[in-house]
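Novice: Spelled out from the first residue to the last, the chains are:
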Amino acid sequence: MTRPRSRIPGTLTACLFAALTALPVHAEDLTMWVRESAADPGKLMVDLWNSSHDSKITLTAIPDNQMVTKLATSAQSGDSPDLVSFDLIYMPDFMKAGLLTDLTEQLTADPNYATHVQAYKDIATYEGKTYGVGFTPDVSVLAWNKDLYQAAGLDPEKGPTTIAEVVDHARKIRALGGDTYGFWFSGSCPGCNIFVTSPMMVAAGSKMLPRNGEDEALTGDGVKLVLEAYKTMWDEGMIPENAEVDTGANFVSAFASGKIGIAGTGGFLISLMKRENPDFNYGLTLLPGAEPGQVSAFVGGDVVAIPAGGKNEAAAREFVSWVLSDEAQLQGLAKNSILTTRTDLADNEFTKGNEKVLTTAQALSVGYVPWVFHFADMVNSDSSPWITMVQTAIFDGDVDGAIETARAEMLAIASK
Amino acid sequence: MSTRRNALVGLAWLTPTLAFVGFFVLWPMVHLVWLSFTSTSLLGGGQWIGLENYRTAFGDPKFWAAFKFTLLYTVVITPLLMGLGLALALLVSPNTPLRRLTRSVVFLPVVIGLASSSLLWFWLFDQQVGLFNQLLVDLGVIDAPVVWFRRAETGLAAVIISVTWKVVGFGMILIMAGIQSIGTDLFEAARIDGASRSLQVRRIILPLAARSLVMATVISVIGSMLAFDQFYLMTGGGPRGKTFTSVYWIYQSGFVRFDLGYSAALSVILMVVIMAMTVLQLRLQSRRRR
Amino acid sequence: MSVATLALPPKPLARQARGWLMAAICIAIITLMLMPLVMSFLASFRPLAETSAVPPTYLPSALSLENYQKVANYQQGVWTYVRNSTVVAGLTIVLCLALSVPAGFALARFPVPGKEIWFVLILASMMIPYQALLVPIYLMFAKLGLTGNHFGLAILHTILQLPFSVYLMRNSFESVPKELEEAARVDGASTAFQLRRVFIPLALPGMVTVALFAFITSWNEFIGALILMNTESAFTVPIMLTGVVSGDFGSVDWGALQASVVVSMLPCLLVYLALQRYYVSGLLAGAVK
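Residue numbers (the working numbering), protein chains in the order written: chain G, 22 to 437; chain H, 835 to 1124; chain P, 7 to 295.
Pulled out of the complex, with its shape left as it was, chain G reads as follows (with noise of 0.2 Å):
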C-alpha cells in the first residue's frame, strides 16, 4: 500500500499490462527469497511449513552472487519480500544499513531461542539487538578418500589430526603416483578457502579479521603455519596444478571425482554424495591445528530474517518463530541429514549412527564466524586482501610478506 506508485504514467502502465504478467497472490501469502546454493534445504523447510500453515510461502531461488544486489534495490524500491534467506556473513552490513527488522523482543521470549547455535546469535546481534536466526546451516569439514588412504597404506578410518598430519597424508598419497594426488583446495575462491582454509589457522590460534581500523587481523602464527602447509604442499606437487586457478568450480567435483586425498568441503558434501554417488567412500573429521585436539569450523549457511517495511511482518514473524519449533528442526533439517540449529536438538533420532552427520554437528557447536563489515571487500570479492594473500604466499611463496599486505588492507577496510 505504502509503494510509491502514484504516477499517472506509472498506474497507467501497471493496469495496461497487470494482465500479462498478475498472479493471483492470497493476501496471507508470503514471499522469500533463498540464495541459489540454500534452495534445496530451504524448499524443504517450506514445504514443510506450507503443508501446516493457512499462509503459504512461495519460494525464490535467487543466484549467490547476485543475492545482496537484488536485496538492496529491492529495499530500495519497497519491492522487497516478506521474508529472506541469505548467507549469514552480510548480516553485520544489512543490519548497520537499517534494511532488517528488529526481533529481540520475540526472540528473547522464545524458550527455543535459548539453545540455538550461539554462532547464529552473535552472527544475527547489532548493538544488542537481534534480527535474524539460523535457517539453513552448513559448517565446513575435512574430507578424506577412504579408498585412496586404503590404497597409500594409511588407516582408512583415520583422518587427519594434525595440519602436519595433512600433508603426510597427502604426501603418501600423492606417492601413488599417476593422477593421483593428495590434497585439494580452490587457489583462486576467496569464499572456498574462508570456508575451509581459515578454520585450520583459527584452530592453530590465530584471529582472522579485523572488526574495526583499531582491531587486529590475522594474529598468531596459524596463519603463517598453514600458508607453509599448504605452500610446501603445492610445491612438492601434491595438489592438482589447476587448483592455482580454480575460482571454486572445482571446490566440491575435485574431490567427488575421486583422484585426491584429502580436501576441505562443507556438510552439504553428504546429501550431495548421498544422491549422486552413494558408493563413494569417504570419511569426514574437523578441520585440525598445530596440535590435536585444536579443532575448529567455520560456521555457515543461511540466516532468516524480515526485510524492514515488509507487508507481511506478523505472518513472517510467525515463520521465523517456526524454523526453531522442534517440528521444524527434527521433521524439516534432521530427517533431511541436515544440521539442526539447536544444540539440544543434535543429537536426535535421524542422525543416531550416521557419524557424518554427528561429525558436521561437532563442527558447528566448535566452529567460528567473523563478525565484520565489508566482508565482501575483504573477504568475497575477486582481488580481496584475503585471497591475494593465499595465492601471494602459497604460489608466489612469499608467505610472510602477503601476510603483513593483507594485514595492512584488511585494517585499511576495516576502517572505512
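In silico DSSO-like links for lysine-lysine, alpha-carbon gap of 27 Å or less:
{"id": "1", "chain 1": "P", "residue 1": "Lys149", "chain 2": "G", "residue 2": "Lys117"}
{"id": "2", "chain 1": "G", "residue 1": "Lys252", "chain 2": "G", "residue 2": "Lys167"}
{"id": "3", "chain 1": "G", "residue 1": "Lys377", "chain 2": "G", "residue 2": "Lys142"}
{"id": "4", "chain 1": "P", "residue 1": "Lys76", "chain 2": "G", "residue 2": "Lys295"}
{"id": "5", "chain 1": "P", "residue 1": "Lys76", "chain 2": "G", "residue 2": "Lys64"}
Think of the hints as simulated: they come from the structure by calculation, not from any bench. Given the structure is predicted, the values throughout are model-derived calculations rather than measurements.
Chain G is fixed; fit chains H and P onto it per the hints.
Specialist: The following block gives chains H and P in isolation, referenced to the frame of chain G:
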C-alpha cells in the same frame, strides 16, 4: 515549404523513439552522472561529495591497471576479428552451396548468448574435464593438459579464442554485405583488365566495403572496451587480478563492494573514453574518404 | 606496385586446384566452428557419474537424459521459464520494431533538422557500461511500477537492442531506390501509406533481422532480468540456467552446464536457421548504403 513540411513529418516519425531514448536512456544516464558526485552505497545512504570519486578514480592503480588491460584486449582482438572477418568474407561471398554453408556455420555462434558461449569454453579449457585440452593432447600439440588461466597471457588467449569463435561471423557478414553490394560487373571488368585477386581486394573491395568495415570495427571496439561477461565467467579476474577489465572493476566496486557512487564515476570516465574513441574512428574514416 | 607480373589469368588446372583448396579450407572452418557445439551436445548426454570424469571422453559411454532432467525439474519446471522468456522476447521484438521502423524511416527519408545528432543520441546507450546503468534504471522502473512485470523487462531489453535496430532500419530504408518513393509521392499518397505499401515490403528482410537480434538479446540477457523480476514464477531462462549450473561457492555442475548450454542455444539456433534467408539479405541491405 515542402522541405519544411517534410522535416516536420520526419520529426513526427522520429518522436516516439526520441521520447523513449530520452526517458529510458538519457534520464538514467543523468542519474548515473549525479550518483558519481555522491558517496551513495548500494545498501542505501550517502551524500554529495563533489569530485571526490573522480579524484579517487584517477589515483586508483587497480582501475588503471584494469583500463590498460581492457585496452590491450581491444588492441589485440579488434585487428584479429577484422582480419579474420575480412578473410572469411572473401572466402564465402561467392554463392556456391559449400560457401553458403560455411557462411551459415561461421555465423552460428553469433546467435548464442555470450554467457553461454563463455561457460562452454570455460569447460572446454578446463585442465581436468575440458575436451579442448584433451583434443590438443591427442593431436600432439601439447604433452599434457594445460592450465590456461594460470598466466595472464594464456588466460587472455583463451578468452580471445572463445570470443573470436563467438563473434567472428558478425564481422564476416557485415563485410560480406559490403563485398556483395559491389556488383559483379566491376569484378568482371577488373578480371578482363587482368587484375590479380589481391589487387582486386586492395583496389575494389576494400574501398567499397570500407563503410561496413568501419562499422564492424566501431562495434567491435565498443564491445571490447565494455568486455565483462567473458572475463567474469572465464578468468574471474585472475591470476592475481591481472585480467580485470574496466567494467569488471566497475561491477566489483558497485555490486560487490557496494560503492555505487564510485562505480558511477568510473562508468562516466569509461563512457567518455569510449565516445571519444568512437568519434575519432568515424572522423578518421570520413577524412580518409575525402 | 607490380601489377603486370600478376596479370596473366590463371590456367584451368591451377584454377581447379584452387577450387579444391578452397573447398578444403571451407570444410576445415566448418569443422572448427562446429566442434565446440558438437562436443557440448554430446557431453550433455553423459550419465551423471561421467560428467566430471578425468580425463574426459569425447563420446558418452551411454546415452542418458539425467542432465536434462536436472534442468527440466529445476524449481518451477523448465516450461515456466521458457514461457516467460518467450513472452519477454516477443514484447521486445514488438517494441524494437515499433520504435526502430519509424525512426529508421525518418532518418533515412526525411530532411530532419539535426538528424545526425539525434542518430548519435540513439546510439549513445551502446557506449555505457550496461551494468552501471542498471541501478538508475531499476530505481526509475520501481517508481513507474515497471519492476516485477515482463513488460518492464521487455523495455529494458529494448533499451539494449534499440541502437543496433535503428542503425539497421535506417540503412534498410536508405537502400530502397529513390524512384519508387517518388512514384508513390506523385500518386499523392500520405507518408504512412508510403511506409506501409512501398517501404515496409522492401525493408522486410531488415525487419526480420531486427526481430532476430532482439530475440537473441532478450533470450540471453541475465542480470537485468534477475534485478527486475521478483518471483521465481516470473524468472526467465538465463536465471534458471545460472541456478542449475552453479552450486556452493561457485562450484560448477559440469553435466548441468552442458545441458543448459544446449537448452539456451537451441531456440536461438532454430530461429536463426528458420529465418536465415531473410536476415542475410537484411544485413546485406542494412550494412551498405
